[in-house]
Amino acid sequence: AQSVAQPEDQVNVAEGNPLTVKCTYSVSGNPYLFWYVQYPNRGLQFLLKYITGDNLVKGSYGFEAEFNKSQTSFHLKKPSALVSDSALYFCAVREMNSGYSTLTFGKGTMLLVSP
Amino acid sequence: DSGVTQTPKHLITATGQRVTLRCSPRSGDLSVYWYQQSLDQGLQFLIQYYNGEERAKGNILERFSAQQFPDLHSELNLSSLELGDSALYFCASSGSSYNEQFFGPGTRLTVL
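Chains as they are written, first to last, in the numbering used here: chain A, -18 to 96; chain B, 3 to 114.
Next comes chain A alone, as it looks inside the complex:
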């Protein structure tokens, strides 16, 4: 079975500071990993994904994520936060070669960026 943990319900950061939103995963084999963002009253928007290759993945809006196989983590990062980054962030995983493409989502982490 595949699972995702986002250990922080909320992350607070000041504008201009670096931000990290944490995600750890559990799969039987190799993972596909995704980050999505949800703004109020909107659907989820795809930010970035890790399939294979370079452990540092760059995505939309200046976000990046680092895949760490030994720590089974896929933390989302941004060097300089913007107030407009305030939103709900979801990490998701699916197991490679599972035969199915369903994603398992974490509970979400609310990111609040203060001016």
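Some hints here could point you the wrong way.
As the list claims (entries may be wrong) - Here are the simulated DSS-like cross-link-like pairs (lysine-lysine), alpha carbons at most 27 Å apart as the crow flies:
#1 59(B) / 30(A)
#2 3(A) / 39(A)
#3 59(B) / 88(A)
#4 39(A) / 88(A)
#5 58(A) / 3(A)
#6 88(A) / 11(B)
Calculated from the structure, these hints are not laboratory results.
Go by the hints and put chain B onto chain A.
Then chain B, alone, in the frame of chain A:
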């Protein structure tokens, strides 16, 4: 804009009623997924269809059913509605098993 459309945007109904939510996937996407998002349960996968066939089932209640039509649009049917069914229902689509899913704007269901 993800290219996935959902109707209606809002739905208010009473307990015991039945409703149908509709989703049109992105052009060319064969897979459609349905999710339920509520404050207490988070984002829950309900069901997936691929090119008209049911592919995977998640935490979908027996009172709920879905189908995907030949033109690839999908409908989620919710019956014998209860107060606890009030939630945001999202549809997503993808082109293949390895691609990210693209989400629609959701249907907010309120059961009174």
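Here is how each hint holds up against the structure:
1. 59(B) / 30(A): Holds, at about 24 Å.
2. 3(A) / 39(A): Since the Cα atoms of residue 3(A) and residue 39(A) sit roughly 16 Å apart, the hinted pair holds (cutoff 27 Å).
3. 59(B) / 88(A): 19 Å, holds
4. 39(A) / 88(A): 23 Å, holds
5. 58(A) / 3(A): 9 Å, holds
6. 88(A) / 11(B): With a Cα-Cα distance of about 23 Å, the restraint between residue 88(A) and residue 11(B) holds, given a limit of 27 Å.
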